[in-house]
Amino acid sequence: MNGFNVKFGFRDNFLDNLQPVDFLYHTRVSTNGCCASINALGLKHKELNDLLRETVLQGSTELVINNVFGQRYIGTRLFLPPEANKLHIEVNKFPGNDLGAFLNGHQIIVHGNAQDGVGNTMNSGEIIVHGRAGDVTAMSMRGGKIFIRDNVGYRTAIHMKEYREKVPVLVVGGTAQDFLGEYMAGGIVLLLGLNLQQGEPHRANYIGTGMHGGVIYLRGCLAEHQLGKEVGVLPPDDRDKANIDRYVREYCNHFGGNPDQILNERFQKLVPVSLRPYGQIYAY
Amino acid sequence: MLVQKYYESERFVPDKEMDACGLFGVMHTGGVRFGGQMAIDAIKNMKVRGSGLGGGFAIYGLYPKYKDYYALHIIYQNKNLAAKKVVETFLKKHFYVVFDEEIPTNPDIRLFAPPLAWRYFVAPQKSGVEEDVPDDEYVISKVMYLNSEIEDAYVFSSGKDAGVFKGVGFPEEIADYFMLEQLYEGYIWTVHSRFPTNTPGWWGGAHPLSILDWTVVHNGEISSYGANRRFLEMHNYYCTLHTDTEVLAYAVDLLMRRQGLPIEVVAKILAPPMWEAIRYMSDNDKELYTALRMTYAPLLMNGPFTVIVAHHNEMIGLTDRIRLRPITAGAKGELVFLSSEEAAIHAVCPDLELAWTPPGGEPVVVRLHTKDHLQSLNKSI
Chain V
1 MNGFNVKFGF RDNFLDNLQP VDFLYHTRVS TNGCCASINA LGLKHKELND
51 LLRETVLQGS TELVINNVFG QRYIGTRLFL PPEANKLHIE VNKFPGNDLG
101 AFLNGHQIIV HGNAQDGVGN TMNSGEIIVH GRAGDVTAMS MRGGKIFIRD
151 NVGYRTAIHM KEYREKVPVL VVGGTAQDFL GEYMAGGIVL LLGLNLQQGE
201 PHRANYIGTG MHGGVIYLRG CLAEHQLGKE VGVLPPDDRD KANIDRYVRE
251 YCNHFGGNPD QILNERFQKL VPVSLRPYGQ IYAY
Chain D
285 MLVQKYYESE RFVPDKEMDA CGLFGVMHTG GVRFGGQMAI DAIKNMKVRG
335 SGLGGGFAIY GLYPKYKDYY ALHIIYQNKN LAAKKVVETF LKKHFYVVFD
385 EEIPTNPDIR LFAPPLAWRY FVAPQKSGVE EDVPDDEYVI SKVMYLNSEI
435 EDAYVFSSGK DAGVFKGVGF PEEIADYFML EQLYEGYIWT VHSRFPTNTP
485 GWWGGAHPLS ILDWTVVHNG EISSYGANRR FLEMHNYYCT LHTDTEVLAY
535 AVDLLMRRQG LPIEVVAKIL APPMWEAIRY MSDNDKELYT ALRMTYAPLL
585 MNGPFTVIVA HHNEMIGLTD RIRLRPITAG AKGELVFLSS EEAAIHAVCP
635 DLELAWTPPG GEPVVVRLHT KDHLQSLNKS I
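If you read the protein sequences in the order shown, they are chains V and D.
If you count the first sequence from 1, position 197 lands on 197 in my numbering, and the numbers rise without skipping.
Just remember that my numbering sits 284 ahead of the position in the second sequence, which is counted from 1.
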């Protein structure tokens with residue numbers, strides 16, 4: 001078309017005009033012992049993540065990041081050796097997509113809403129969001145815990161997985177949108193529905209479509225057609241009750257609320273009815 | 285021995301899959317006109333959603349002085365003056381041109397192959413059999429003629445008191461190039477940052493796509509493009525801009541302007557509920573949604589999309605029915621925002637009062653002098 005090589009106009013929106021990390025460290029970070037406060041205003045996500053890494057390498061273990069507006073991958077590049085200190089990171093206020101992607105052992109606390117992809121393929125650690133989260137929360141998560149105070153978006157816990165002692169946990173205080181637990185292969189999801197009215201069903205449809213492992217504990221009601229074809233509903237047994245008890249109490253520790261009151265309501269347990277729901281379709 | 289020589293490319297092109305487009309829209313429901321700063325800053329905040337291969341703005345309430353005339357923004361590719369001559373002869377024959385000028389640009393901003401951009405304020409000059417054709421239809425037919433028959437000339441927008449500024453570059457560069465912040469005010473601003481994946485990045489293919497005062501900015505991919513396009517051709521809409529979003533602009537014009545359907549219904553045509561969901565509806569709804577799906581099957585937009593559609597008095601955000609692309613709405617007083625990412629809204633409006641995300645297929649309708657946008661709140665998260 002028009003004889004143009006259309007690639008010609010391409011610029012790299014990630015790596016163009018980055019500020020050097022030394023300069024950023026001297027202008028953006030103020031430290032006090034092992035605590036560091038970082039001003040992220042206007043930084044690109046690579047600059048901020050470079051800066052976080054630099055700050056940690058300089059010895060800080062408690063980070064407070066202020067003026068965050070949509071910077072992505074916060075916490076991702078802090079993959080430190082196992083013997084290193086685990087970090088405590090507070091984010092004010094609005095982190096971008098893939099917060100804590102591949103997170104390895106650190107604790108991230110968000111004082112605001114998170115966007116899509118919180119805890120994407122997270123390995124271990126903790127993410128606590130004092131607000132809501134967007135789509136694909138806990139996508140492919142393989143360990144650690146995520147607590148979301150309010151609602152979550154579409155495809156929460158999609159393809160969450162577990163292996164031996166590594167069992168990821170996601171606790172959502174509100175409700176979820178469609179495809180909760182889609183293709184879920186392991187792990188534990190708690191959906192508390194605290195912001196729903198008495199008798200108001202959860203919002204999600206197609207819950208657990210393609211689910212073939214793990215468990216969803218759901219407080220509140222829902223109609224049967226909201227479930228995907230691959231899940232069955234059971235009452236929780238004693239082990240389930242212990243799980244629920246433990247994580248509801250942790251949720252209340254983070255966000256307040258009366259755990260006994262929450263635990264008083266009926267919980268349902270959603271589990272897959274087949275280990276290979278699509279085995280017949282794709283195997284040949 | 286011959287050794288193949290490697291030439292380093294001039295620019296670094298990362299060979300990884302990256303993100304999709306960024307959208308942002310802001311409207312003052314009281315109709316107060318404001319500058320472009322919020323729109324520009326917000327889309328800048330989402331810079332990683334674009335690749336610098338397209339950016340654009342649609343502004344409503346743009347030309348109060350000429351608000352009774354159709355404002356044609358026309359670009360001439362390769363600054364083709366011969367095309368301009370042909371177009372102007374055509375315009376003089378079919379319209380009364382009350383005023384025309386080159387759209388002012390900042391020569392210090394260097395963009396990739398900028399065309400010549402001109403604007404014409406026109407009133408229809410009908411003759412013969414066309415005298416009974418309504419004005420809007422008349423203008424559409426002429427715009428379609430210009431777009432499809434005259435080489436190197438493309439009509440970017442053709443609405444009254446509204447206009448589209450777009451091109452190849454990051455949206456903030458386009459804003460600087462057309463000096464949007466200094467020169468213009470409007471009560472709706474929508475903006476798009478493009479990350480073209482399937483179709484070329486060129487000036488005409490940048491968003492917003494527009495017909496009359498309808499504009500569409502779009503993130504995603506319309507995989508039903510072929511079916512939609514054939515259906516629209518039966519209604520005299522011809523797709524010439526090599527990009528899938530064009531069908532959305534024409535579909536909206538067909539359904540809302542020509543057929544007079546309200547957006548709440550149109551949303552359910554473009555992103556209809558699944559048959560399975562229809563099965564569990566009340567009898568009334570079942571009948572309605574079945575009828576819509578049967579009647580308008582070729583206008584079902586398949587594939588992932590989020591769009592912000594705008595025209596006078598209305599700005600609408602809509603996603604596909606299983607929300608494969610993100611959208612967040614926000615409100616503060618009479619300002620209502622729609623955005624791909626929530627953080628971008630907070631970045632330009634620190635004291636935002638409300639932020640919500642509607643389910644797939646559920647439109648957020650922002651109307652002048654109403655609080656209709658809050659209707660989507662109950663179903664949202």
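Please note: incorrect hints may appear among the correct ones.
Stated by the list, open to error - Label-pair ranges, simulated between beta-carbon atoms: (1) D:469 to V:66: 28 to 36 Å; (2) D:469 to V:86: 45 to 53 Å; (3) D:352 to V:30: 35 to 43 Å; (4) D:526 to V:261: 55 to 63 Å; (5) V:266 to D:564: 16 to 24 Å; (6) D:569 to V:261: 46 to 54 Å; (7) V:241 to D:543: 33 to 41 Å.
As the list claims (entries may be wrong) - Just so you have them, the derived chain D footprint on chain V, three or more residues with Cβ under 8 Å: (8) 174-182; (9) 269-277.
Please keep in mind that the hints were generated in silico from the structure rather than gathered at the bench.
Quantities reported herein were computed from a predicted structural model and do not represent experimental measurements.
Built from N, CA and C at the ideal position, the CB exists for glycine as well.
Counting residues of the region 174-182 of chain V whose CB is closer than 8 Å to a CB in chain D, do you get three or more?
holds (count 6)
Between residue 469 (chain D) and residue 66 (chain V), is the Cβ distance one that fits in 28 to 36 Å?
Since residue 469 (chain D) and residue 66 (chain V) have Cβ atoms about 33 Å apart, the given range 28 to 36 Å holds.
Quick one: are residue 569 (chain D) and residue 261 (chain V) within 46 to 54 Å, going by C-beta?
Cβ of residue 569 (chain D) to Cβ of residue 261 (chain V): about 37 Å, so the range 46 to 54 Å is violated.
For residue 352 (chain D) and residue 30 (chain V), compare the CB-CB distance with the range 35 to 43 Å and indicate the outcome.
This hint is violated: roughly 58 Å between Cβ atoms.
Consistency of beta-carbon spacing, residue 564 (chain D) to residue 266 (chain V), with hint 16 to 24 Å:
Holds, at about 23 Å.
Chain D over the region 269-277 of chain V, status - at least 3 residues with CB closer than 8 Å
Since three or more residues must qualify, the claim that chain D covers the region 269-277 of chain V is violated, with 0 doing so at under 8 Å.
Against the range 45 to 53 Å, how does the distance between the Cβ atoms of residue 469 (chain D) and residue 86 (chain V) compare: consistent or not?
51 Å Cβ-Cβ, so the 45 to 53 Å window holds.
Taking the Cβ atom of residue 241 (chain V) and the Cβ atom of residue 543 (chain D), is their distance within the range 33 to 41 Å?
57 Å Cβ-Cβ, so the 33 to 41 Å window is violated.
Cβ separation of residue 526 (chain D) and residue 261 (chain V), checked against the hinted range 55 to 63 Å
At roughly 59 Å between Cβ atoms, residue 261 (chain V) and residue 526 (chain D) fall inside 55 to 63 Å, so the hint holds.
The structure does not agree with the numbered hints 3, 6, 7, 9 stated previously, though it agrees with the rest.
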